[in-house]
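Participant: Below are the chains, spelled out letter by letter.
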Amino acid sequence: MTVITHTQRKSRLSEMLDRPGGVSVGVALAQARANLDGLQDQARAIITENIAVLLAKPEPDLIEPMRLDLAYSASSQIIDAASPFAMDDLCTAAKGLCDLLDAAPRHGGFDWRIATVHAQAMKVLLSLPPEEQAARTAILTNLHEVLRKKLPASDQSAT
Amino acid sequence: MSGGESLRESAVFNLGGAITMIVDDSPFSLTLTSNALTGFGIRPAYACGTGTQAKKLLTDKPIDLLVVDTDMPDIDGFELVRWLRRSGPNPNAFTPVIMTASHIRRGRVAEARDCGANFVVTKPFSPAMLLERILWVARDSRPFLEVGDYLGPDRRFRHSGYEGVERRADMLRKANGMESLAL
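These protein sequences, in sequence, are chains A and B. 159 is the number that UniProt numbering gives the last residue of the first sequence; the numbers go up by one with no jumps. 183 is the number that UniProt numbering gives the last residue of the second sequence; the numbers go up by one with no jumps.
Extracted from the complex, chain B is given alone in its bound form (with noise of 0.2 Å):
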């Protein structure tokens, strides 16, 4: 899916009643994101502008939907999620996340692979490639998996047989009889 094509114009949703919040630096991206959203049906009740303050009220209030930003001066996007998803009890801690990125640096991408989000979208994107992404966090039915340092969505999705060339090393040795120096 990309670019919004795969939406169908007729199809109707619901989420009049979603609590969401959204996190960025920039009032100005804030602002756009909310507007959106708006158009969208969903009524954003909160509005962060540092990572500090959203950790308070993920903390204290229920939230269905975040959308946050990767790039913060205080407490990154990525730090936020990697705190949410480590804070059970806290019921919010298996909330659907968003996080919108303008531009990654090299150096962050595997951070942004396994902070735990639903889903990383970098710019540009359209009002329809945002709603198409909110449409598939809400309808995301991954596990949520603890591996290593990770924990969040299982981030597999592709679930039917690899066709091209096989280069993981589990599957050499195991292709190569060598299951028994496996990890």
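Extracted from the complex, chain A is given alone in its bound form (with noise of 0.2 Å):
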């Protein structure tokens, strides 16, 4: 197979990097921390409005893939707003969440009590106050033992 490699440039980016000014590291992920602090409680209620989506009964003529890619969305946007504010108990069980959805048939048959228990663990998940590491890591197992019942044997590397 033929391999063409293109001239090495340096990136505008590189150039910049090393000059003079700037901000140390310490002083930018402190900036940065700050900005997104401000940002906790708006992910909280995004966190909440897509576990009720998860929740919710579906429309009586919303078809299978659908519903799948419904629940999909859901599920990623919980790990997008949880993702930056260390939640990542919540994200670990929407991440297993969205490998099970991944994993469904688009055609029907996927046990939709799967998405309403990983829902309700994440509804619990977020109420639990932090030092409740008991409980976190208890729900996290159940979890994670519905995700090897369920998910293909060939998808279980991913997890």
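The set of hints was computed from the structure by calculation and includes no laboratory data. Glycine included, every Cβ here is placed at the ideal spot set by N, Cα and C. Keep in mind that the hints are not guaranteed to be accurate.
Stated by the list, open to error - Output of the computed footprint for chain A on chain B, the stretches with three or more beta carbons under 8 Å from beta carbons of chain A: (1) 21-33; (2) 39-52; (3) 95-103; (4) 112-119.
Hints given; two lone chains; assemble the complex.
Facilitator: Laid out in structure tokens, this is it:
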């Protein structure tokens, strides 16, 4: 197979990186953290909203592939909103649900109780105070067990 | 490198002049990324909610760093980056690209590997991890390769000898003295 190597160019980004001035890593991270902290309430509201989507009764005429995509999108949005605020347990639960929905047959047959269990678990995780580590671990262990049983063996390597 | 732990707190960088574009269909994610970048001293010049909007701007404006979401309804991140890499003589064709993903569907992992992005970051990621990736792509000196359908940075990160069980077909053929059959 032919391989064409394009001439190496230095990106403008690399040229400006070491210019005088700028900011230290410590200061940059503190500033970013402060900028993000103001968005935490909004993030929690988005997570709550998407958990509600997962728990809602589907429209009767909603076909299976669209229902799967809707749930997948809600679960992805939970990861998006939870991720910058170190809500790693919520991300783990939502990622597990994404894996299950992604592996679900598009023509029907997905056990929707799994989505409900994940959504209820996420609701509890969101409400638990940070010090309740044992409860968080127990919830994630149970969800992992669901994932292990329900995810096809070929997809297990991703978990 | 993972989790941002390899960043030295006292290290100084200057990306104040970087013209950055963020592409994400979620307004909240756009705000999150934009706020993190602003904290790093990088003022995002363009925030696009669609791949189509981004494509238009990438054709006209010079961009130093592109941060793009994978999953978007019109033109997704993979398609956008694949188009960008093939958009020469557009100078942005070689722009460093970081892709962000909340989850990558199993069927799309190959696309993530083959679209030509410098780095794909899956969430959860912290500001430290994002900064680490930005500094990494800024210093990324891999040559751009065009191999079959692929055009982007050389995907081989390790250039040292492999110490595990050899499973690469061409290497096995070499080892078995079947070099002449290769390709």
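Participant: Do three or more residues from the segment 21-33 of chain B put their C-beta atoms closer than 8 Å to C-beta atoms of chain A?
Facilitator: With 5 residues close enough to chain A, the hint holds.
Participant: For the segment 39-52 of chain B, do at least 3 residues have a Cβ located nearer than 8 Å to some Cβ of chain A?
Facilitator: The restraint on the segment 39-52 of chain B holds, since 3 of its residues have a Cβ under 8 Å from chain A and three suffice.
Participant: Please check whether the segment 95-103 of chain B has three or more residues whose CB lies within less than 8 Å of a CB on chain A.
Facilitator: Coverage by chain A holds for the segment 95-103 of chain B (4 residues, Cβ < 8 Å).
Participant: According to a criterion of three or more residues whose C-beta lies within less than 8 Å of a C-beta of chain A, is the segment 112-119 of chain B covered?
Facilitator: With 0 residues in contact (Cβ-Cβ under 8 Å with chain A), the coverage given for the segment 112-119 of chain B is violated.
The structure is inconsistent with hint 4 alone, although it conforms to all the rest.
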